[in-house]
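Undergrad: If you want the building blocks of each chain, they are given just below.
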Amino acid sequence: MSASTLDVAYVADLARIDLAPDEKALFQKQLADVLGYVNQLQKVDISSVPDTPIDPHLPTNVLRLDEIRPGLPTADALANAPAQANSLITAPKIVE
Amino acid sequence: MTYEAVIGLEVHVQLKTATKMFCGCRNQYGAPPNSHVCPVCLGYPGALPVPNEEAIRMTILTGLMLECDIAPVCKFDRKSYFYPDMPKNYQISQYDLPLCLGGRVLLDKFAFPKETQKDPIAEAKKPIRLVRIHLEEDVAKSFHYDQASGIDFNRAGTPLMEIVTEADLRSPEEAFAFLTTLKQILIYGDVSDADMEKGQLRCDVNISVRPVGQETFGTKCELKNLNSISGVRRALQYEIARQIDIVSSGGTIRQETRRWDDTAGQTFLMRTKEQAHDYRYFPDPDLLPIRTDQGLLDQARARLPELPAARKDRYVADFGLNDYQASVLAADRRLAAYFEQAAAATQAKVAVANFLANEFLATEPDLDQLTLPATHFSALADLVASGKINSKQAKDLLTEMLASGEAPGDLVKRLGLEQVSDTAQLDAWCDAAIAANPRSVADYKAGKTAAINALKGFVMKQSKGKANPAVVDQILQSKLR
Amino acid sequence: MTLATLSLTQLRQKLLAREISPADIVRDLAARRDAVDPAIGAYLRFDADRALADALHADISLPLGGIPVALKDNINTTGDLCTCASRFLANFRSPYDATVTRKLRAAGAILLGRCNMDEFAMGSSTENSALQPTRNPWDTQRVPGGSSGGSAAAVAADTAIVSLGSDTGGSIRQPAAFCGVVGLKPTYGRVSRYGLVAFASSLDQIGPFAGSVEDAALLLHAIAGPDPMENTSRPIPVPDYTAALTGHVEGLRVGIPKEYFVEGLDPEVASAVRAAIDWFANHGARVTEVSLPHTPAATAVYYIIATAEASANLARFDGVRYGHRAPDAKDPLDLYRRSRAQGFGPEVKRRIILGTYVLSSGYYDAYYNRAQKVRQLIRRDFTTAFESCDIILAPTTPTPAFRAGEKTADPLQMYLADIFTIAANLAGVPALSLPCGFSSCGLPIGLQIIGPHFAEETLFRAAHAYEQAHPWKDRKPAL
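First to last, the protein sequences are chains S, F and E. Take the first sequence: its position 22, counted from the start at 1, is 22 in the working numbering, and no numbers get skipped. Take the second sequence: its position 412, counted from the start at 1, is 412 in the working numbering, and no numbers get skipped. Take the third sequence: its position 23, counted from the start at 1, is 23 in the working numbering, and no numbers get skipped.
No lab work stands behind these hints, which were simulated from the structure alone. Quantities reported herein were computed from a predicted structural model and do not represent experimental measurements. In this text, a Cβ means the ideal position worked out from N, Cα and C, and glycines have one as well. Be careful, since some hints might not be right.
What the hints assert, rightly or not - Pairs of lysine-lysine, PhoX-like flavour, derived with a Cα cap of 25 Å: (1) F/K224 to S/K93; (2) F/K109 to F/K125; (3) S/K29 to E/K103; (4) F/K141 to S/K93; (5) E/K373 to S/K24; (6) E/K330 to F/K141; (7) E/K330 to S/K29; (8) S/K43 to E/K330; (9) E/K373 to F/K79; (10) F/K456 to F/K388; (11) E/K330 to S/K93; (12) S/K93 to F/K388; (13) F/K466 to F/K456; (14) S/K24 to E/K407; (15) F/K198 to S/K93.
To be verified - Derived DEER-like restraints, expressed as beta-carbon distance ranges: (16) S/D13 to F/Q266: 29 to 37 Å; (17) E/A270 to S/A20: 14 to 22 Å; (18) F/N227 to E/L52: 36 to 44 Å; (19) E/Q10 to S/Y10: 53 to 61 Å; (20) S/Y10 to F/S249: 55 to 63 Å; (21) E/D410 to F/K141: 41 to 49 Å; (22) F/Y29 to E/G405: 53 to 61 Å; (23) E/D331 to F/E197: 23 to 31 Å.
Bound-form chain S, shown alone (with noise of 0.2 Å):
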């Protein structure tokens, strides 16, 4: 893997973060210095390790019944809403 494979500018987009020019170009920078110390991970030989799809230590089925449990009132729900009308909580239009 190549650190110059890191595009900035495309990851931020989708990450949906807007980076000014000169933040692009500083982070191209560092991220390419972070990215060639974990490029050490390539060397690291993993053969020993199962290539199975869930890791093995985990427990498994802790699960929930399904028991109603009370939420927040809609006045709670909408307090931190920068914007709402009608219980809704707004937001830009969304153009389909």
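Chain S is fixed; fit chains F and E onto it per the hints.
TA: Positioned in the frame of chain S, the structure of chains F and E alone reads:
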């Protein structure tokens, strides 16, 4: 050149649990906005999910009903994309280890639209293969106004199954039959009410066309905003024609998402396929894996109901119903249960089926209104079988019974419908008939046996329809011999 | 004499003897805070009036009855701000209690104030706080460590008796070492994360800061235990940790990982830690060398897994339901991009971008998947090592507290400050830092004690015995 359609469906089904998928908020349609919410389903900082075991059982049960392989172990993954109706901007879903894999749905003949039930394809019990079923959380509901969108998070975090089919469907009618059959099964399992108009069952369609005989698929379009099963059929009919029109005139189909407008009867371009989404799936570190083989699978299996197809076969084999009656009664879980109650109380099971499947259903009833005891239907069937009323009277009685809710026996007395089988009375009516119709008597004696019908008609008229036709026939024949 | 310098244990004795009241403690802390915190900046908010009101109702019969506890500002408390030291949440008022908050209330504790931190717990110096700087009480030119720098500095400066922090890659132990206090990262699953604003879900743990091992043990006892609201909390009973404080280490098998005594380790830190090891050897512990061969890869693994999880955890900060909303957004996309650009500081942005990248299509296997496998190897290292020892002793940090501004320009150098603490998070094992001496310029040095899963009792036993013999905690910063 003739073309065929290739159709695959992605069906989202809301589970009818009491609470949401990962929190204890009520899972309820139609509540006041933002009244069933908490830090978890609002995606508040620090709130964490805990899975609802009932939703997992219901999904396993669905998998069992649809002949899927149930994964012994599965996990939840985060699917990242930003959207205002998604509280965390990732959806807890299942990526590479879904709860159910494979499976199939057999298309029942009577699940096809009525006018196409006689087509050979409807007779074929065609299997539609499933790719998978996974469990995820639903998103919130948005309302769009001029300047802004408003979001109600009551639906956010409710449990949702995604059922994905192989591209095995070849016509709008097959898609109709698939959804109809699927809906029946979901209701049978009591996992969902599957009402498309309430959004409990939502369907995205992938559709392409290709020349018959070609192996490779054409470029597909995705259809959205399908709000009823018949709407799916209409949208597909339109879209197939549109696509065939384009390719047969030398054009090419663009991969795009199109919106069905049921009023206009057309699909409209929503968006062309921009660059593929990058969902950045990874296992949700807040959630532990699920093992189905330590109780959940057995619990789901214990709930496995007799499915519509099996029930239909049983009605044919055990009760002697015809295919149509059996299918129609088995198609609806409540109607089937009602029928079985009624059938249990009489030997005249076919008559009960007939009243329910042929007479009652022809009135396009609302099954919610079917409140009278099922044994009324049993009693009605018994009255016919014992000859106390004839079939014409039975129909009238049924109408009266549905309207008033009175028991058939009471109605017979109140309306004076009981058949007259008293021989002295019938004898007198027969004598009168013979005296009043010398010509028919002569014809009969000359060998025109059908002439006896005129005499019978006279008797029925005299008796106001109450004479027992079988006994009248016997008396007339003996008098004319 | 002020009550602010007393330990939790001492204050409890005085409360039970009716020599003092909870309000006396709050008043002394408030006075101390007014006197010294302006130079430190440990607290983001300190509501003395409310704490006094709560003190009047405190039930001292409860385990922490009448004891004020300061919280890192990423732990939700109903009705309080919970800023995570971020502009994004500067006005966010939480509608719910974290499980630890609920447990503290149930134990009779008084919620005192909220401590500064690196924004969203991302950092090792508390310099990433968007709200204010925090300085090290031992040398205000230096950082307190991070990300729980405020929680550590408050205890070190005697403006808090005890406090809670969170530790994802060393965020409790590193500031504890820098500030000369006791800090514990419990076993993953020991303390519920419900209500802790998530940084990296598979690594985060809430843990105590205290002036003494016994105080840390009492505080852990109050907050630990299974939680039906938290899927990864484990159903393991919470022992009476104070019963483990026997004062001796006889028979304890102590492992010394050779990979922690390497180039880059400050000589003064090395010799302080070596001296502590010798003490264990001389007091009946059996000291052996062990190997944790994958230690050098830990930081790399951490910066992949932690940032990947963070990129998803912080996606919820979008300006829709709460937090900062950029004005006049023309559509949701515009809203997200600008709200997040304005609300997040540079380190948070960097980590979100790195985490988004390592999960993105085409790179997942090379980064995230591989990092998870190396994480298994790191975990295995500990399992193997704990076959031959009961605890592992190591330095907490390669150096004592560094100067403010020293590493801010170079994120990678900042990341390497956590080189000795990260592995315990990756393996999920408990680890404690306690003072083991001072550098020639008077800065505290931390000794790290790492144990097997759910062996907090053993850590407390070893730390307490060492502490009894080495009253470093009696040395106080000149403020």
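Undergrad: Confirm or reject each hint.
TA: Right, here's what the structure says about each hint:
no.	hint	result
1	F/K224 to S/K93	holds (20 Å)
2	F/K109 to F/K125	holds (7 Å)
3	S/K29 to E/K103	violated (45 Å)
4	F/K141 to S/K93	holds (13 Å)
5	E/K373 to S/K24	violated (31 Å)
6	E/K330 to F/K141	holds (20 Å)
7	E/K330 to S/K29	violated (32 Å)
8	S/K43 to E/K330	violated (47 Å)
9	E/K373 to F/K79	holds (21 Å)
10	F/K456 to F/K388	holds (18 Å)
11	E/K330 to S/K93	holds (8 Å)
12	S/K93 to F/K388	violated (70 Å)
13	F/K466 to F/K456	holds (12 Å)
14	S/K24 to E/K407	holds (20 Å)
15	F/K198 to S/K93	holds (24 Å)
16	S/D13 to F/Q266: 29 to 37 Å	holds (34 Å)
17	E/A270 to S/A20: 14 to 22 Å	violated (43 Å)
18	F/N227 to E/L52: 36 to 44 Å	violated (60 Å)
19	E/Q10 to S/Y10: 53 to 61 Å	holds (58 Å)
20	S/Y10 to F/S249: 55 to 63 Å	violated (39 Å)
21	E/D410 to F/K141: 41 to 49 Å	holds (47 Å)
22	F/Y29 to E/G405: 53 to 61 Å	holds (57 Å)
23	E/D331 to F/E197: 23 to 31 Å	holds (30 Å)
When held up to the earlier numbered hints, the structure conflicts with 3, 5, 7, 8, 12, 17, 18, 20 and fits the remainder.
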